[in-house]
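**Q** Given the coordinates of chain X, assemble chain R onto it according to the supplied hints.
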Amino acid sequence: MADRRLREVARWVALAAAIAALVVFVVAQRQSVDVSYGRSPSPPAGVTEGAAGELSDATVPSVEQMTALVRAAEVVRLPGSVARWDEQRVRAAMGAEPMRILVAPPGLDEAERDRVRDVKDATIRVIGTQVTGGAYQATGDSLDDWRAEFAAGDVTNLLITLIAGLREQPPPADVDRLRWREPTAAELEVVAARLRRTGLYTAPGATLTQVPRQEAFPGGDALYVALPRQSPEAPLLRYGPALTRLFPGRPIVELHGDWIEYHGPDAGDFAEVTAAGFYAQFGDRLGRYAYPQATVLGAYLGRVTDVRYAGLFDRPLPYRPADPLRVALPVLPWLFVACAGVFFALSVRSLLRPLRRPRSRPEPGLPARLAGLTALAVEMSALTDRRSEAALTRGITALTAARSALDDDLPDAHVRDLLAGAEADLDEAGRLLPYPGYRPADYLRERLA
Amino acid sequence: MGWVWAAGVVVLLGAGFAVAAVPRLRASALERRTAWSSARAGIATAGVSRDACPGRVPEAEALLTRAETITAGRGGVTAAREATELARRADLLWREAAHG
Chain X
1 MADRRLREVA RWVALAAAIA ALVVFVVAQR QSVDVSYGRS PSPPAGVTEG
51 AAGELSDATV PSVEQMTALV RAAEVVRLPG SVARWDEQRV RAAMGAEPMR
101 ILVAPPGLDE AERDRVRDVK DATIRVIGTQ VTGGAYQATG DSLDDWRAEF
151 AAGDVTNLLI TLIAGLREQP PPADVDRLRW REPTAAELEV VAARLRRTGL
201 YTAPGATLTQ VPRQEAFPGG DALYVALPRQ SPEAPLLRYG PALTRLFPGR
251 PIVELHGDWI EYHGPDAGDF AEVTAAGFYA QFGDRLGRYA YPQATVLGAY
301 LGRVTDVRYA GLFDRPLPYR PADPLRVALP VLPWLFVACA GVFFALSVRS
351 LLRPLRRPRS RPEPGLPARL AGLTALAVEM SALTDRRSEA ALTRGITALT
401 AARSALDDDL PDAHVRDLLA GAEADLDEAG RLLPYPGYRP ADYLRERLA
Chain R
1 MGWVWAAGVV VLLGAGFAVA AVPRLRASAL ERRTAWSSAR AGIATAGVSR
51 DACPGRVPEA EALLTRAETI TAGRGGVTAA REATELARRA DLLWREAAHG
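Chains as they are written, first to last, in the numbering used here: chain X, 1 to 449; chain R, 1 to 100.
Please note that a few of the clues may not be correct.
Chain R regions said to be covered by chain X (calculated; three or more residues, Cβ under 8 Å) [to be verified]:
| # | stretch |
| --- | --- |
| 1 | 7-13 |
| 2 | 21-34 |
| 3 | 70-79 |
Part of the chain R face toward chain X, derived, beta carbon under 8 Å [what the hints assert, rightly or not]:
| # | residue |
| --- | --- |
| 4 | 1 |
| 5 | 4 |
| 6 | 18 |
| 7 | 48 |
| 8 | 54 |
| 9 | 98 |
| 10 | 99 |
Think of the hints as simulated: they come from the structure by calculation, not from any bench. Even glycine gets a Cβ: it sits at the ideal position worked out from N, Cα and C.
Just chain X, same shape as in the assembly (with noise of 0.2 Å):
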């Protein structure tokens, strides 16, 4: 008995196992989406939408009103835009037949690039750095663009692309204007300082006050330079060279507005990968948006810690301790599977016992009854009259009855009740007989004394 509890006990465990395997199969199929080569621990987003704070204060007049300031003027710059031009080179391009360029800032809603796009005067629109006219949209594709469109905010060259491209011409060949500058020693001095003291230099206009938690350079000596975006006019002050000498062997990372570089150790192996992946994915949301630079930073030291993580530079990675799930996962379905097994095997001996077992005794009386009864008819068959035949013979079926049921295993219960209404008959057939005695009552008890 206690074995066979013991057994029962043990089948819903195993399905319970069964159930528990299943079930964390099932959930940890939900970690095996994100793919990462040699498991970088960057976040699996790059530059996340709406939260990121990629909309800015800024917005557009209505329709109406923007297109009465297109048909006034050749070029309308909304107020907060960004994007500066060579305006020599672009009329230039345009020749004999000028278009008009609406310029709206960056980090405007759905709604609102919308009602840009609906000023249907306007030839080319550029919101923040992105440039469209027409059906096409001109995107940078090097390096060189990407510096000019996110370091200055200058589409030169995607307005001259694009004009070539809305009068069906092949584009002329980039020109890259920026110039660039060292800072003096007064203008080193005050941003060394300040990196040795926090390791942010953060300039006036640059939005980054406290620099992403990345695993790119790990060590924490990487110095954060923030300047804000500067004009192309000008030549653009780069600090990176000379941070470079004065503090050798540190990683030094450069922000001018959206533009993001790296100057240090495994420069040349790295740098451009890293820059060229970045903007390319990234540069079409960047140019329309206006985010804050430490979302863009984040999303650029994430690239890095993917690139590190890849391999591709001989870094040691950081010791990772397997994930106990993963390691498991293989093993769950034929956990499973043997749970399963076990759960089937258990319930097949339960259902098999019955069978196996000598077939079921019916309750001890009954046979004994049966005979008594049997012996009971066949004396009286032998003085039975007319009168009394007729129950004596229904008495006899009724055993007859009785016996194919017993030999049926059908129930106790069924086979007394034909035993009953056997010994009725055999009893009124008593009665009819003249001589006493036999009636079963007084019968069996003789018998069995």
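**A** Frame of chain X, contents of chain R only:
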């Protein structure tokens, strides 16, 4: 690897259904056999009463014929109970006629 899960689920569900269904099927089969055993016994008893009856009782004969027809159709528990009941009524009629 998917087939492992599928096979496991099939085995689990199959075993579960079997454990629930087989005893139930067994019990209903036993109940049916018992009911038919009663019906056959009742019909045999009624037959004996008919043979012992001096006259004919058309109503009882009709009842017994119906009971035998039902038996020939080999139905379930309900059919067996009905046959039993018909045979019992036929038996009573014949007995009353015999005792007159």
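**Q** List, from low to high, the hint numbers that the structure doesn't satisfy.
**A** The structure breaks hints 3, 8, 10; every other hint is satisfied.
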